[in-house]
Each structure stands twice: as structure tokens, then as C-alpha cells.
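Engineer: Protein sequences, first through last, are from chains A and B. Each residue of the first sequence is one higher than the last, beginning at 24 in the numbering used here. Each residue of the second sequence is one higher than the last, beginning at 24 in the numbering used here.
Keep in mind the hints are simulated off the structure, nothing from the lab. Among these hints, one or two may not hold up.
[To be verified] List time: in silico DSS-like cross-link candidates among lysine-lysine, alpha-carbon distance up to 25 Å:
| id | chain 1 | residue 1 | chain 2 | residue 2 |
| --- | --- | --- | --- | --- |
| 1 | B | K62 | A | K143 |
| 2 | B | K94 | A | K143 |
| 3 | B | K143 | B | K115 |
| 4 | B | K94 | A | K151 |
| 5 | B | K62 | A | K115 |
| 6 | A | K94 | B | K143 |
Number of protein chains: 2
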Amino acid sequence: MRYLKLTLEYDGTNFCGFQKQTGTGLRTVQGVLEAALQKLTGEPVRTFGAGRTDAGVHALGQVVHFATQAKIPVDRFPAALNGVLPSDLVVKKGEEVDSSFHARYSAFAKKYCYLILNSKHPSALWHKRCCYFPYPLNVDLMRDAARCLEGYHDFQAFSAAGSNVKNTTRHLFSFRVVRQRDWIGFVVTAEGFLYKMVRLMGGTLLEVGREKFPPQRVQEILASGRRGQGGPALPPQGLYLVRIYYPGEGEDTSSWKEAPELGFPFASLF
Amino acid sequence: MRYLKLTLEYDGTNFCGFQKQTGTGLRTVQGVLEAALQKLTGEPVRTFGAGRTDAGVHALGQVVHFATQAKIPVDRFPAALNGVLPSDLVVKKGEEVDSSFHARYSAFAKKYCYLILNSKHPSALWHKRCCYFPYPLNVDLMRDAARCLEGYHDFQAFSAAGSNVKNTTRHLFSFRVVRQRDWIGFVVTAEGFLYKMVRLMGGTLLEVGREKFPPQRVQEILASGRRGQGGPALPPQGLYLVRIYYPGEGEDTSSWKEAPELGFPFASLF
Chain A
24 MRYLKLTLEY
34 DGTNFCGFQK
44 QTGTGLRTVQ
54 GVLEAALQKL
64 TGEPVRTFGA
74 GRTDAGVHAL
84 GQVVHFATQA
94 KIPVDRFPAA
104 LNGVLPSDLV
114 VKKGEEVDSS
124 FHARYSAFAK
134 KYCYLILNSK
144 HPSALWHKRC
154 CYFPYPLNVD
164 LMRDAARCLE
174 GYHDFQAFSA
184 AGSNVKNTTR
194 HLFSFRVVRQ
204 RDWIGFVVTA
214 EGFLYKMVRL
224 MGGTLLEVGR
234 EKFPPQRVQE
244 ILASGRRGQG
254 GPALPPQGLY
264 LVRIYYPGEG
274 EDTSSWKEAP
284 ELGFPFASLF
Chain B
24 MRYLKLTLEY
34 DGTNFCGFQK
44 QTGTGLRTVQ
54 GVLEAALQKL
64 TGEPVRTFGA
74 GRTDAGVHAL
84 GQVVHFATQA
94 KIPVDRFPAA
104 LNGVLPSDLV
114 VKKGEEVDSS
124 FHARYSAFAK
134 KYCYLILNSK
144 HPSALWHKRC
154 CYFPYPLNVD
164 LMRDAARCLE
174 GYHDFQAFSA
184 AGSNVKNTTR
194 HLFSFRVVRQ
204 RDWIGFVVTA
214 EGFLYKMVRL
224 MGGTLLEVGR
234 EKFPPQRVQE
244 ILASGRRGQG
254 GPALPPQGLY
264 LVRIYYPGEG
274 EDTSSWKEAP
284 ELGFPFASLF
């Protein structure tokens, strides 16, 4: 038996989330991936994902692992699998791992990015890939609020019901607010995330940016431990699962603060 | 009667091109726009576009003009119209013009950009917005070839049949080949373009980049005036109509060489 780790990019628009929903007929990332793996290897394959993304949420670096008896060399696996996958789900990388590797439990950090288009008019090309927000935003205040969220905290106040996680304490390593022209990005790295945590923190930061909440309010909401005190969760289409971090990858943690490359930064070439 | 000029962004994926095709039931940019204008103004509106983009081709700055008796102030026109337009077609700007303005005939230059993803694996997020090309490309040779195309030439050899244009001579002001990481862009500004001219020139540049054609071959093809000598036309989804230039906009022509901002250049912030 071999154990393989795959890194996936997907456009979440036409998926009902990551997690397979057997018997529902819903199109999910895991369901489509497992069907493609079965087609390629000729055996039923059960995959394990690093994180469950909701419907409409995108990924640049989702990770899954699985066991297989297929003999396909690991360096040819991505291209072979991409040959049977639909174009909105792409394998970017394949690696052989040992049997102790688990996409979810071996990870020590995850990075998400939330993308906001803060302009007068929406974008036709980005409408399923960002959250359009036309009101003025005070980015300095948002950065102050983001700093309150960094560190080791109980994030219960920034979680949605619908998960039965008991321990709601997480180490949030980095929360950056980046701005360029009409775009704002939240780049958040943590050891783990609660259900809808990024979108709820993001919605609250927009309230701060609009100067409806002072930045300290974020601290108070966090300390209260009560849900429903912050802004509403931002919509899924602005959210990207950027990267899953595993031990032994030889990288320092400086990349935790780095924003992902989402597209061709044409204008920046000049 | 008032005369309005609108600047449009659209995602060409789900449009059968720009031009209205009455009676066919096909969804076109012009058809959708005119229906929205009629809904907003209560009057039938006939629009005139600066350029006809093919099915699948995108626009960041298409321009149309039309006459109307509607009293809506021009600064509110974009938001009002966006309220009735679908999300893949957005009005970015509205301006009042005089009756002599014509979106097509008043233009003195047009800028297109062609976007290529030159990486080992395709992109799930960009698959309808770029051309995926996995083979190594020699960008220096492509730049040499691009320079042969700049200037005042008969571009018949780089046009497709299906248009009854008689004069195939055009002034091509600038043809830049830009590269960043896995992305390559052709940024082409000319007084006008023949049918499929950008995609045919682009397909030929890829042959040069793969070292199948020497750069001088592009010069020879151009001089031959015969179609079908160069590489095949690139697919529509990598093409963007970036900007239409009109006299009196107070800009110098240095922007002709500039690449457009297509997305959030996250990675470049660091």
C-alpha cells in the first residue's frame, strides 16, 4: 500500500463545499475527486482532507491524503488525475508520504485569505471570487482590530453554531490586512479555525473599517465568548484556503504573513 | 436628446460575443445591455459598441454610446444600470458626450491583452480567463518577434476570413510581451484590429517561443500577406479588451504599453 498527499486548487463556485455528501447527488470537491481517483486507479479510494470548505469557498492549496495500490509514479499522478478531473478542480502537486501522515491531523497551521473589492462598482470578472463592498473603509482601524485577534484566544465569539467542537481555543498566528488600489485582503494564519471563523472575523473588521465599531470592541467581543456580537459573516465567495502547513517542509514561519498569488498581477509589472 | 458613453467590464464566458443577434435567442453583451437600458429608461435603446468581441472574450474597458431621453443624472447611471444588469456585465463609468461622439469611429487606439498561464498544471480559478500552455517558452525570442509586428503594416496574414474589411493595413503602436512567474501577457495597442488578429499573432508568437519558428519568420509571414502561415489562433478565453482611446482624454500615449490590472496582485505586496 502507498500513501499519497495531493495539493488541490479549486474554484468553489460550482461545488457544494469540500465534504462528500453520499447519496445526496450534491457535487462536492471530495466526491468529484474520489470519483476521478477511482477512474484513474480502478479501485475505490477514500480521501481525507485537511479542512472542510463551505459551498462557494475556493482553495489554492487544499491538501488530501489517501492510500492506494496504484503503481502510477507520484510525479505523474497530478497530470494523470487532471486528465480525468473537471477544469474547476486541479491537482497542483503529488507527494508520497508515510502511513503516519494525515492531511488534517498532521497539519500545524492553515492559511486563509479573504478578498474584498472596495470600489464604487462591482467587478464582472471577479464577482464569484471576491466580496464586493462599496463603502469607505478605514484600513488603519481594521489593522488595530486585527491585532487584537492575534494570539492564543477562545474564539467561540467568532464561530457559528453547527459544529460540535468542544475546545474553541486556538492560536491565531497572524492576521494581516493588506490593501492595494481597490482591493483589501485579510490574510489569516492559525493552528486551526472554528466554523465560519474567518468570515465572522472579517465581517466584524468591516464594521470597524466603517467606523461603526471601535477596534477595542473586537477585543470585548472576543472576551465575551458570546456569539452574535460582531458583524455578520462575510459571503463565501471571497474566501480562499491558501495553504496547509506540515512539519518537516523546511520552511520558516515567515510565509504565514504572506499573501497568496491569486492571479496575474499585471499592473505591478510597470 | 442626450448622448451617453458607458465603459463596460464583462466576463465573456457566458456571452455569445458582444454583438446583438436579433431573433436567435443567443445571450450577447449588447443584447443584455439594451434590455437593461430599456428596463431602466422605459424606452427602446440602440447602442453602438467600440469593438465586437467574440464569444468567450472578456472586457475591462469596452465602450458603447447611445442616445436617450432619460433624465437620470450621468453620475448615477452606472449604479442604476448595474442594479438591473446580471453580475457578469458591469458598467464602470458613465459620461455625457456630444452627438458627434461615436464609440467606434471616434476611437484612435484600442488595447487588448492576451493572458497565458505557462505552468506545469492548469489553474482551476483561471481556466475560463486565460490560455493554459504547459510547454517551455523562450520569451526573448517572442519579444523579438513582437517587435517585427510593431509599426504600420498590412496585417492580412494575421486575419481570419469572415470579415469583409477591404483595407487590412493598420498601425500597431505597441506589442509588449510581459512575464511574471508562471504568467505571460501580450499587451497590444493598435489603431484597430482585423478579425482574430490578436489571437493569430499570439498563436504565432507561441510557435516562436517554442523555437519552432525563428522570430524573422513572423516578418516573412507578415510580408507574404497570406493567411494560414502562422500558428493557430489562440482560444478566446485568454483575450481581454482592455481600453479604447479617444481624443481629448488628456492622456499621453505612454499607457499604450501598460498592462491592465486584472486582479488583486497579492503576491506583489510583499
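Engineer: Confirm or reject each hint.
Structural biologist: Results for each hint:
Using a Cα cut-off of 25 Å, the hinted pair B:K62 and A:K143 holds, with the two alpha carbons roughly 22 Å apart. Our distance criterion of 25 Å between C-alpha atoms is met by B:K94 and A:K143, whose separation comes to about 22 Å. For the suggested pair B:K143 and B:K115, the alpha carbons sit about 35 Å apart, so the restraint of at most 25 Å is broken. Simply put, B:K94 and A:K151 have alpha-carbon atoms about 33 Å apart, too far for the 25 Å limit, and the pair is violated.
A C-alpha spacing of about 45 Å is found between B:K62 and A:K115, which places the hinted pair above 25 Å, so the restraint is violated. For the given pair, A:K94 sits about 22 Å from B:K143 by alpha-carbon distance, which is consistent with the 25 Å threshold.
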